[in-house]
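Residue numbers (the working numbering): 5 to 219.
The set of hints was computed from the structure by calculation and includes no laboratory data.
Hints are supplied without guarantee of correctness; some may be wrong.
[Unchecked claim] Here are the computed distance ranges between Cβ atoms for each label pair:
1) A12 / E216: 37 to 43 Å
2) D156 / D16: 33 to 39 Å
3) E90 / L168: 30 to 36 Å
Cβ coordinates follow ideal geometry from the N, Cα and C atoms, glycine included.
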Amino acid sequence: MTAQPVPAWLSDLQAEADAHPVERLAAPLRRPPLEVDESRMRRAAVLVLVGPEGVVLTRRASRMSSHAGQVSFPGGGIDAGESPQEAALREAWEEVGLEPPSAEVVATLPELPVAPSFRPVTPVVAWWREPHRVGVVSEQEVASVHVVPLEDLVAPAARFSARLPGSTFRTPGFEADGIFVWGYTGWLLSTVLRLGGVDRPWDPQVVREVPEGYR
Numbered sequence: 005m006t007a008q009p010v011p012a013w014l015s016d017l018q019a020e021a022d023a024h025p026v027e028r029l030a031a032p033l034r035r036p037p038l039e040v041d042e043s044r045m046r047r048a049a050v051l052v053l054v055g056p057e058g059v060v061l062t063r064r065a066s067r068m069s070s071h072a073g074q075v076s077f078p079g080g081g082i083d084a085g086e087s088p089q090e091a092a093l094r095e096a097w098e099e100v101g102l103e104p105p106s107a108e109v110v111a112t113l114p115e116l117p118v119a120p121s122f123r124p125v126t127p128v129v130a131w132w133r134e135p136h137r138v139g140v141v142s143e144q145e146v147a148s149v150h151v152v153p154l155e156d157l158v159a160p161a162a163r164f165s166a167r168l169p170g171s172t173f174r175t176p177g178f179e180a181d182g183i184f185v186w187g188y189t190g191w192l193l194s195t196v197l198r199l200g201g202v203d204r205p206w207d208p209q210v211v212r213e214v215p216e217g218y219r
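Work the whole structure out from these sequences, hints included.
Structural data, given as structure tokens:
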């Protein structure tokens, strides 16, 4: 298959991310409590993989000890000697069968702690220049794999603010391809779309509770 060129909105993503202070990018997320020592945690990376057919998302297996059942990007812990980019591509290979040479890293966003453990996570954005078939490889970690069209994600009807029952904390939310996206993944997806200039106006005052099974 002929490699697909990086679309303009992704090619400028790193410059857009660099122009925004991390505090501004992370404003919708809770910061870690002062007693958390991030230096003692194993760092992680996630891969925001965007291709001609859409964005690759996974639903985590229900048996996972953290974020079970939630929608996430492929990713996991950074091994000794690895860069965040290498770790994100490796984890995507292990989880969904992505062939690393088929993806081109276009941006790396600031590392941020993710609730509830406040583990430091680095988002790596890549263009899937040579798409191929992907699916569940690690059943222990992944329940399903979804390639969601960009048009479905930016549709205002698919956008809302998500919150847990009884909580006032909200994150950007999406519902597309039969999955409910919220939390860190919702924030990161919303941030990438906004920085790339491809998002469309939506109403954050529309609030939906996170369904059982996605909490």
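Consistency of the hints with the structure:
1. Look at A12 against E216: about 40 Å separates their beta carbons, and that is inside 37 to 43 Å.
2. Between D156 and D16, the C-beta spacing of about 23 Å breaks the proposed range 33 to 39 Å.
3. For the pair E90 and L168, the supplied restraint of 30 to 36 Å holds, since their beta-carbon distance comes to about 34 Å.
The structure does not agree with numbered hint 2 stated previously, though it agrees with all others.
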